[in-house]
Amino acid sequence: MWNRRKEEEAAPKPAATTPTSNEFSREGIPMATMTTRTSDDSHRGTAAIGKSVLIKGQVISREDLYVDGEVDGSIEMEEHRLTVGPNGKVHAGIKAREVVVLGSVNGNVETSDKIDIRKDAKLVGDIRTARIVIEDGAYFKGSIDIARPEPPKPARPAASAAAASAAHTPLPAGAPDGKR
Amino acid sequence: MFSKRLRDMLGGSVPGEQRQDKLGNQPQQQEQPEVRSSHGLEQFFSALRDTVGLSLLDMGGASQANVSFITSLGHRLYSEDFIRSMEQTFGTADFYANQGDPARVDTFLQQMLTFPDGHFDGALVWDAFQFMSPALLHPTIEQLSRILRPNAYLLAYFHADERAATVPSFSYRITDAKTLLLSRRSRREPAQFFNNRSVEKLFKNFQSVKFFLTRDQLREVLVKR
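For the protein sequence lines, the chains are B and V, in the order given. FYI, in our numbering the residues of the first sequence are 1 to 180. FYI, in our numbering the residues of the second sequence are 1 to 225.
Keep in mind that the hints are not guaranteed to be accurate.
Some chain B residues close to chain V (C-beta under 10 Å, calculated; not the full set) [stated by the list, open to error]:
#1 Gly-69
#2 Ile-132
#3 Val-133
#4 Ile-134
#5 Asp-136
#6 Lys-141
#7 Ser-143
Calculated lysine to aspartate or glutamate pairs in the DMTMM-like style (CA-CA distance at most 20 Å, straight line) [stated by the list, open to error]:
#8 B:Lys-114 - B:Glu-135
#9 B:Lys-119 - V:Glu-80
#10 B:Lys-122 - V:Glu-87
#11 V:Lys-210 - V:Asp-161
#12 B:Lys-141 - V:Glu-87
#13 B:Lys-141 - V:Asp-106
#14 V:Lys-224 - V:Asp-106
Just so you know, the hints here were simulated from the structure itself, not pulled from any lab data. Think of the CB as a built atom: it goes at the ideal place given N, C-alpha and C, for glycine as much as any other residue.
Isolated chain B, as found in the complex:
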């Protein structure tokens, strides 16, 4: 019994961030299979840059990213969330769906959804976002530009108006047939 327990402890455990064999083989799989697999995206772990890591250059991510180290350059992850941890120092322009700042960011930030600047976080740069949350105690220097999503135009009246105008407006003689 004692020996068996030791064996279990000694057995190597898979690391949480180790990619699965499916992820390794993604490049080679047919498109139809890819579509099926992306339904599991919500269960995938967030990629992480540890606090002893320094990256200089362009970071492009197609999954959520947690930065607790340093990034100097740019970060693009337009459909995903970036979290800058309490030890994180980002000197970069950021484009993401959502950004959560607990550490330090120096650079312009553009989010399509939301930016969340937490207590004790520091952000110096211009922000363009749809929504913003700033906790008390956060330091922010820069401009805030709220990009409001344009309300969807009613399709039916426009279409009917276009049809009506097309019906009543005579086309020039030289107009191609495809426009009639």
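Since the structure of chain B is already known, use the hints to place chain V on it.
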């Protein structure tokens, strides 16, 4: 005893002090923000009415309330915590002595107000001027005059009690177009006191200076560029 003497010195009517009197100086209750009706703020925003897409400078630091209110009006906000930046640049021990150093003043202004001419359509200065010595105050106002477009408004608050040894510094959070929540940040000795005449002299290059009388010791001043 000390707090009683301090209140006597302050005239017992500085915002925040009245609450202390009623509630017996309990530390956690001192942190409660105070609601303040502001006619200066009301006129500031009424001047921006019917226009969207303006650029406003908030020198009191970013707060959710101010960001939400100003952006909900369709304006762009530039946020800067002037007092915090002053503390970082000039230190806390020799705060006013260091403001007399021209090199530090130049560095500070280059970091803080490097915007194109006429960049802003309004500035919310709050009480930052109160903590600037003349060596810093005059070049700051010159820079503000430069970066504000003509006819833009600037809203500033000045403590009026000349007997006070220290005055509170507040965070000003906009609740609506005429109401503020004042949260105390710290107390410090003011750089100087301003009466109406000295405020008018301060903004002599601006078009107009309008004073709003208040029941407390915080004078509201709306200045037109």
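When the hints from earlier in the document are held up against this structure, which numbers fail? Of the numbered hints, 1 and 14 do not hold.
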